[in-house]
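Please assemble the complex out of the two chains, which come individually in their own frames, going by the hints.
Residues per chain are reported as follows:
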Amino acid sequence: MPRQIDYSKLRILPDPDTREWWEGAKRRKFLVRQCKTCGQKWFPPLPACGKCTSMEVGWFETGGRGSIYSYVVVMQPIVGAFIPAVPYVVAIIDLDGCHEPDGTVTRVAGVLTNDEPEVAIGLPVEVSFDETLDPNIVVPRWTICGAAENVWRFSE
Amino acid sequence: MRTRSSDWNVAGLMGSLTDKYCIVGVGETPQMRPSNRTTLSMACEAIRKAIGDAGLEARNIDGMTSYQVGDSTTSAHVATALGMRLNYAVDILGGGSSTEALIAHAVGLLEAGYCKMMVIFRSMNGRSGRRMGGQVPGGPVPVATADGDNQFFMHWGWTTPAQRFGMTAMRYLRDTGCTTKAFAEVAVAHRLHASLNPKALMRSPITIEDHQRSRWVVKPFRLLDCCQETDVSAAIVVTSRERAYDLRQPPVFVMGGTARTLSDSPAWNYSRAEIHRVAGNYGRNRLFGMAGVSQNDVDFISCYDAFTFTTLIQLEAYGFCGRGEAGDFVKGGTLQIDNRLPSNLSGGHLSEGYTHGIQMIIENVRQLRHRADDACPGGTEGRHTYDRKAGCRQLRKARICCAMGWGTETTSSSVMLRGIVA
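First to last, the sequence lines map onto chains E and C. Note that the working numbering gives residue 86 to position 86 of the first sequence, counting from 1, and the numbers run on in steps of one. In the working numbering, each residue carries its 1-based index in the second sequence increased by 1000.
Read the hints as simulated data drawn from the structure, not as lab findings. This structure is a prediction, so every number in the text was calculated from the model and none was measured. Careful, some of the hints might be misleading.
[Claimed, not checked] 25 Å max Cα-Cα, derived DMTMM-like pairs, lysine to aspartate or glutamate: (1) K1116/C with D1091/C; (2) K1219/C with E126/E; (3) K1181/C with E1209/C; (4) K36/E with D1149/C; (5) K1181/C with E116/E; (6) K51/E with D1149/C; (7) K1181/C with E156/E; (8) K1331/C with E156/E; (9) K1397/C with D1264/C; (10) K1219/C with E156/E; (11) K1219/C with D115/E; (12) K1219/C with E118/E; (13) K29/E with D1149/C; (14) K1389/C with D1264/C; (15) K1219/C with D1149/C; (16) K26/E with E1209/C; (17) K1219/C with E149/E; (18) K29/E with D6/E; (19) K36/E with D1210/C; (20) K1389/C with D1149/C; (21) K51/E with D1264/C; (22) K36/E with E61/E; (23) K1181/C with E1325/C; (24) K9/E with D1149/C; (25) K1219/C with E61/E; (26) K1219/C with E116/E; (27) K1219/C with D1299/C; (28) K1219/C with D94/E; (29) K51/E with D102/E.
[As the list claims (entries may be wrong)] So these bits of chain E aren't anywhere near chain C, every CB distance computed over 10 Å: (30) D15; (31) R27; (32) R28; (33) K29; (34) G39; (35) M55; (36) F60; (37) G63; (38) D96; (39) P101; (40) G110.
For each residue, glycine too, the CB sits at the ideal point set by N, CA and C.
One chain only, chain C, in its complex shape (with noise of 0.2 Å):
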């Protein structure tokens, strides 16, 4: 039985736009490192495909957002270099949790009838531009000006998400007696997934022992415990059930979601009380409950995984294990395909690549229409095998999966999806 610990039983509750937009195109281009290439012209060629994917042209989209963090292209500007005229286009500050927001968003926008084919989008040159907490792409910073917040993190020593999060992770181990070995089983699970994927980034298995030999970043995380910054683009398009039924995908239902929980005290973790109760402890209520389904209905999830610790404390978030039972839930391969909840199948940013949030979407839709790119000749047409020794990741049971996004400590988006190939 899977523990659960969700406060209120929820099953059988729905919101009033439950199944009503769906997920009909999806696209992206390589995981490279380095790309030699623009945001802009590695946003055009992943949206290009997910228009593609859908079966629709450009001249069909009239709405655009995208996320970014000022190192990234525009709705504009990839309007104008694809020559789409939108009725509504708008880029927003985020990161790991912004692909489900989005969602949330394009929901509401598409049931008000401000636009009615959305895309969204992320373009990031994450290994060659601009990387996370402050390196530049030769290495570390040569002269760092800390203003704003950074005039106490930066002179902390204190600044990438690793050390960041590391506190967090750090007093999750004292608390709950949980070992790294429990973050070993999250790398191992999603690298066994990426090996399953041609287009991701690691693909050799790795075993628990290879993640506890691996070298320090920054204690209490390894480097089998990091993901992998990656110059990449990734889209998805968004509409109403009733156009969806007229284009070439099995369209992907959203069922319900959260956009942009935010814990108390959401811009400095730290000084929270209890520093390891996440933001999706106040987001699975609604989560489940706009969804009208359990954890026990759940066939896979994504689980955003910057780092192994960041899945591991999302399950308890979101009830899919009791609060200081992750370490035990995962023990012995649940997270790993055919087993218990298979999580983050491509691979996610731990082996595939790191995309900020929005390729975890895309395998979803790619695993609830039964249509995976693995190495199956059919696989796109929805005929595989199911031989893992084969490479084939198709899950046999993919109907309902939860995507968790996780900003920071304080910061959860998710979004359930239900998808219609039996």
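Isolated chain E (complex conformation) (with noise of 0.2 Å):
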């Protein structure tokens, strides 16, 4: 079930980094920077390559897909947009399509639309876009779309 979220109570203000990003939200694309230099990938879009500190950076379109690394399970509302949300589950996600060769992945964060007891670590999840009351901004969320082998779930 899709966790409801009060927008009215959160104004997301891009800066010079981010506006692209945002921007690339809009148009539901997933964005990650890469380095024009060396093509390493990260997130979030911060202005230099932690590689090879180049300041020479684009954008790379990721599929929108990717895998839960961890998650945890807010029972406790802290941020007023999210207490109708209570309780929903923010995971960390490694992007497909963001492997570098020397074995480190690009991870993101985001709320997931699943309810706990689908979620585990090692699932599949895909990208989806809610519109906020800011037409300029709209939000990435992610749902599980598929099975892993392997997967593990806090069962406590």
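See below:
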């Protein structure tokens, strides 16, 4: 069941490092930064390459899919926009197509649309986008999109 | 045998300033909820007590530092209120690993002669003022403005330390096979110590089962995994060995430490290759090398307990057990007083009150002086019964203490302290 998030209580302010990323989200694209010098990818959109320090940076358009690396289940609300969403799952996601030759992988975090019993580390997820009250701000959400072997679930 | 995972055999190595500088005074306000006071008022009280504890007067203090998160008064305001004229005053942005870092900072300033007698303080209305993770005193924040890093964290609904560190803890449980019963061991040990501390906010002993039955805050953390939001101020005084000998209390010597050691990608832990390889892993050889001792020489520890898990993971980081072994290491009460490695003897942030780290240093100092302020009538003069049932919390053997600070997974500071009371 998609989580109800009260976007009237969340005001997001893009800055010069992130504006193009938010424009990508508005076009339903999940972008990550990519170095024009060495090809390294990263998120969030920091202004320099952490591998070679180049500031010639562009964008890599991901397929909007990945797998769950870790997660938490928020049981107690803190941010007003998420009061109606409790309990909700936030996950760290290993992005497909963002595995580097040196073994590192670009990760993002995000809210899952799934309930806790469906969630496990290792499961594949895909992105969707929620419109907010601000026509310029569209936020990514993630939904489990299949099965996997060797998944792990917190069962306490 | 305690399992060790230190990469180097560093026992016998020492830093050039080992044992040259001392903590000579400690003081704090009560742990309050709410204080109904300003951070300036609380800081003045804590600093007056620390100076008095050392046998000093305000005019003897010529250096002051503090740490805060934009929620507190400054050294200049305190100096004005207490009529001090300082030769050095700096207030840094920081939190859980700042006390140990500012001790290192003080050692360098004192050695170089920038000042002679330094106060380090923290003052916070952590419950009634600014709370962690975007909450306001009345509860969830009505409308949140998300700029900077929060553009992402806020729309992920992922803002509090419990939520952030919980992600690391969850992956740790998956990778090691550890269960939350190991978290419970930390909660039970620190609460036992708080039961021996008249100042502590939470003094009723708890069991593993109490922990397991407590309500969820953010899975995998329950209520009893989380520290106590508190209004409090605390202060310490640092000076040279030569000056320390003239003062009122037995000095506690700074053997060595690390100051704000960072891991890779310190700003964005979740994107790191191995999120539970925390910053202490990068600091431990520096700490033990500078102090010239090994993990086996340590009588007791303080280990930052914003959450039970932060204590657990730092035991591995600083080499008191191997990677992935902390759950087995703490099983059966290892961290409790009179057992193998007593931890956070005042009750820590989990049970005494949350001070952003500095209170742990204060308790370590009192233990190393052999002057824990417990229920023993002569306790603060060093006369203890060691009868836990009668409320004594002084360790019998308290000569070397390892204090492990935690800012986040990616930030850590530490200090090794030595007492000279047999």
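Consistency of the hints with the structure:
no.: 1; hint: K1116/C with D1091/C; result: holds (18 Å)
no.: 2; hint: K1219/C with E126/E; result: holds (23 Å)
no.: 3; hint: K1181/C with E1209/C; result: holds (9 Å)
no.: 4; hint: K36/E with D1149/C; result: holds (24 Å)
no.: 5; hint: K1181/C with E116/E; result: holds (21 Å)
no.: 6; hint: K51/E with D1149/C; result: holds (21 Å)
no.: 7; hint: K1181/C with E156/E; result: holds (10 Å)
no.: 8; hint: K1331/C with E156/E; result: holds (18 Å)
no.: 9; hint: K1397/C with D1264/C; result: violated (38 Å)
no.: 10; hint: K1219/C with E156/E; result: holds (9 Å)
no.: 11; hint: K1219/C with D115/E; result: holds (13 Å)
no.: 12; hint: K1219/C with E118/E; result: holds (15 Å)
no.: 13; hint: K29/E with D1149/C; result: holds (20 Å)
no.: 14; hint: K1389/C with D1264/C; result: violated (46 Å)
no.: 15; hint: K1219/C with D1149/C; result: holds (23 Å)
no.: 16; hint: K26/E with E1209/C; result: violated (49 Å)
no.: 17; hint: K1219/C with E149/E; result: holds (23 Å)
no.: 18; hint: K29/E with D6/E; result: holds (23 Å)
no.: 19; hint: K36/E with D1210/C; result: violated (55 Å)
no.: 20; hint: K1389/C with D1149/C; result: violated (49 Å)
no.: 21; hint: K51/E with D1264/C; result: holds (11 Å)
no.: 22; hint: K36/E with E61/E; result: holds (14 Å)
no.: 23; hint: K1181/C with E1325/C; result: holds (14 Å)
no.: 24; hint: K9/E with D1149/C; result: holds (18 Å)
no.: 25; hint: K1219/C with E61/E; result: violated (32 Å)
no.: 26; hint: K1219/C with E116/E; result: holds (10 Å)
no.: 27; hint: K1219/C with D1299/C; result: violated (33 Å)
no.: 28; hint: K1219/C with D94/E; result: holds (20 Å)
no.: 29; hint: K51/E with D102/E; result: holds (11 Å)
no.: 30; hint: D15; result: violated (7 Å)
no.: 31; hint: R27; result: holds (17 Å)
no.: 32; hint: R28; result: holds (16 Å)
no.: 33; hint: K29; result: holds (16 Å)
no.: 34; hint: G39; result: holds (17 Å)
no.: 35; hint: M55; result: holds (17 Å)
no.: 36; hint: F60; result: holds (15 Å)
no.: 37; hint: G63; result: holds (19 Å)
no.: 38; hint: D96; result: holds (16 Å)
no.: 39; hint: P101; result: holds (14 Å)
no.: 40; hint: G110; result: violated (6 Å)
Hint check: violations occur at hints 9, 14, 16, 19, 20, 25, 27, 30 and 40; the rest are consistent with the structure.
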